[in-house]
Amino acid sequence: MNQLIATTLETLLNQALRWNPSSSQTLQKLSGKIIRIESSGIELTLFPDNQSIIVLSDYHGDVDVCISGAPFTLLRLLLQDEATLSNNPDVTITGEMSVAQQLLHLLKELDIDWEEQLAQRLGDIPAHKLGTLFRQCQNYTSVRLDNLQHNISEYLQEETRHLPTPPEMETFLNAVDTLRDDLERLEQRVRRLT
Amino acid sequence: MEKTTHFGFTQVPHQDKVHRVAQVFDSVATNYDIMNDLMSLGIHRLWKRFTIELSGVQRGQRILDLAGGTGDLAAKFATLVGEQGQVVLADINAAMLQVGRERSLDRGVLVDYAQVNAETLPFANNTFDIITIAFGLRNVTDKEAALASMLRVLKPGGRLLILEFSELKVRPLKPLYDLYSFKVLPLLGKMIVKDADSYRYLAESIRMHPNQETLLEMMQTVGFDRCDYHNLSGGIVAVHRGFKM
Numbered sequence: 059m060n061q062l063i064a065t066t067l068e069t070l071l072n073q074a075l076r077w078n079p080s081s082s083q084t085l086q087k088l089s090g091k092i093i094r095i096e097s098s099g100i101e102l103t104l105f106p107d108n109q110s111i112i113v114l115s116d117y118h119g120d121v122d123v124c125i126s127g128a129p130f131t132l133l134r135l136l137l138q139d140e141a142t143l144s145n146n147p148d149v150t151i152t153g154e155m156s157v158a159q160q161l162l163h164l165l166k167e168l169d170i171d172w173e174e175q176l177a178q179r180l181g182d183i184p185a186h187k188l189g190t191l192f193r194q195c196q197n198y199t200s201v202r203l204d205n206l207q208h209n210i211s212e213y214l215q216e217e218t219r220h221l222p223t224p225p226e227m228e229t230f231l232n233a234v235d236t237l238r239d240d241l242e243r244l245e246q247r248v249r250r251l252t
Numbered sequence: 010m011e012k013t014t015h016f017g018f019t020q021v022p023h024q025d026k027v028h029r030v031a032q033v034f035d036s037v038a039t040n041y042d043i044m045n046d047l048m049s050l051g052i053h054r055l056w057k058r059f060t061i062e063l064s065g066v067q068r069g070q071r072i073l074d075l076a077g078g079t080g081d082l083a084a085k086f087a088t089l090v091g092e093q094g095q096v097v098l099a100d101i102n103a104a105m106l107q108v109g110r111e112r113s114l115d116r117g118v119l120v121d122y123a124q125v126n127a128e129t130l131p132f133a134n135n136t137f138d139i140i141t142i143a144f145g146l147r148n149v150t151d152k153e154a155a156l157a158s159m160l161r162v163l164k165p166g167g168r169l170l171i172l173e174f175s176e177l178k179v180r181p182l183k184p185l186y187d188l189y190s191f192k193v194l195p196l197l198g199k200m201i202v203k204d205a206d207s208y209r210y211l212a213e214s215i216r217m218h219p220n221q222e223t224l225l226e227m228m229q230t231v232g233f234d235r236c237d238y239h240n241l242s243g244g245i246v247a248v249h250r251g252f253k254m
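Chains A and B, in that order, give the protein sequences.
Taking this note's numbering, the leading residue of the first sequence gets 59, the next gets one more, and so forth.
Taking this note's numbering, the leading residue of the second sequence gets 10, the next gets one more, and so forth.
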């Protein structure tokens, strides 16, 4: 199973690298390093060289850096726009921090221009048509999803009253803040009395 | 009486096999990789991957890739052992080695090259951490001598990995497999490399190669320890592994 994941990841990464010639500079900085990624029982070791990355599922030697965390934490790290590794308490990094940072940088760079890749195979016009269609679908679904989310939250807040509305929440949080301040003041007073 | 050995299904004098095998590989060298992809439908990459995973390779190790041919295993190993390590790409056939050398240079991979006969390896005792021989052992005339020679140049604790065609263990598929190897394969060879005979030899030599258990016994007899094997694709190929203790 792990081998299957490693093979798939290796194929995907290398395909993406081939389609992103601009990423080769970052890859070169990583070349020769060994990076282990651990996530809920799955261990993958990445060996970047000048042109590609080899991924092994079974490597017991020394590594330059080990990144471990829950799968979704790692995924979120990739999806966030301005994610940094240093201030994330859910991700543990052992070894060379800069290597981990460069890997993250490389993976974020791998933003594939699908339309361009399609255009090379199908020609410009069909690729543009497909791209437009895809964007329309994406738009449509995101509008529907927003609507759905809005409806659900309204139902839970207004109809069933399981959840507070934002103004209610605001008032409550302000009350908590005030209470905390009051408590701190009281604490100071008591301390002064004793 | 003159000693003979098998060359595919025909018997040839012992000393002739090397030349005959050389002829086959001289003929297929330039198209070797394309034919491998076609013949195995690309699965040979997965088989080689599995071999690499089994090798337990680590940074800084010394690796000998015997019968390395066009160097795809050696290239991967070169990345895995890094600059501190060493990979020797060895083959008995100069044409194959030449193709391997050009391809590695094009990929920007630096490995060492050696034209060697696996039966008499020209390396000092206890030199390598790992020896791999992928799809090469069946072309060696004296397999015991080759295995003994590999054992000699391995470091204690080092391991040998043999990736080779073996005996299909899924019986119902056998007729299909035979049809493929004896009819389709030579035809593919004829169409792509214009050389049906070489590919007929490949198919025949697969059938003449010792099966899983026999090869395992041979390794144990020569002196390898903790030998085991893994069947891949139902036994069409098998990876044998043995350690020098």
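Read the hints as simulated data drawn from the structure, not as lab findings.
Where a beta carbon is used, it is the ideal one built from N, C-alpha and C, also for glycine.
Check each hint, because a few of them may be wrong.
[Claimed, not checked] Pairwise CB distance ranges (calculated):
(1) B/196 - A/59: 47 to 55 Å
(2) A/179 - B/92: 48 to 56 Å
(3) A/163 - B/254: 51 to 59 Å
(4) B/184 - A/167: 33 to 41 Å
(5) B/20 - A/69: 40 to 48 Å
(6) B/119 - A/69: 42 to 50 Å
(7) B/28 - A/163: 48 to 56 Å
(8) B/92 - A/231: 50 to 58 Å
(9) B/92 - A/224: 55 to 63 Å
[Claimed, not checked] Straight line, CA to CA, 16 Å or less: simulated EDC-like cross-link-like pairs of lysine to aspartate or glutamate:
(10) B/26 - B/128
(11) B/57 - A/116
(12) B/57 - A/68
(13) B/26 - B/213
(14) B/192 - B/222
(15) A/87 - B/92
(16) B/164 - B/234
Hint by hint, here is what the structure shows:
Between residue 196 of chain B and residue 59 of chain A the C-beta distance comes to about 37 Å, which lies outside the given range of 47 to 55 Å. For residue 179 of chain A paired with residue 92 of chain B, a C-beta distance near 38 Å fails the hint of 48 to 56 Å. For residue 163 of chain A paired with residue 254 of chain B, a C-beta distance near 45 Å fails the hint of 51 to 59 Å. Separated by about 51 Å at the C-beta atoms, residue 184 of chain B and residue 167 of chain A break the suggested range of 33 to 41 Å.
At about 44 Å, the beta-carbon gap between residue 20 of chain B and residue 69 of chain A stays in the expected band of 40 to 48 Å. Between residue 119 of chain B and residue 69 of chain A, the C-beta spacing of about 25 Å breaks the proposed range 42 to 50 Å. At roughly 55 Å, the beta-carbon separation of residue 28 of chain B and residue 163 of chain A lies within the given 48 to 56 Å, and the hint holds. Between residue 92 of chain B and residue 231 of chain A the C-beta distance comes to about 57 Å, which sits within the given range of 50 to 58 Å.
Between residue 92 of chain B and residue 224 of chain A the C-beta distance comes to about 58 Å, which sits within the given range of 55 to 63 Å. Taking the CA atoms of residue 26 of chain B and residue 128 of chain B, the gap is about 13 Å. The hint holds against a cut of 16 Å. Distance restraint check for residue 57 of chain B and residue 116 of chain A: the Cα-Cα separation of roughly 14 Å lies within the 16 Å cut-off, and the hinted pair is therefore satisfied. Simply put, residue 57 of chain B and residue 68 of chain A have alpha-carbon atoms about 14 Å apart, close enough for the 16 Å limit, and the pair holds.
Simply put, residue 26 of chain B and residue 213 of chain B have alpha-carbon atoms about 14 Å apart, close enough for the 16 Å limit, and the pair holds. For the proposed pair residue 192 of chain B and residue 222 of chain B, the alpha carbon gap of about 28 Å is over 16 Å, so the pair is violated. The suggested pairing of residue 87 of chain A with residue 92 of chain B holds, with an alpha-carbon distance near 15 Å, which does not exceed 16 Å. With a C-alpha separation of about 13 Å, the suggested pairing of residue 164 of chain B with residue 234 of chain B holds against the 16 Å cut-off.
Comparing the model with each earlier hint shows violations of hints 1, 2, 3, 4, 6 and 14; every other hint is respected.
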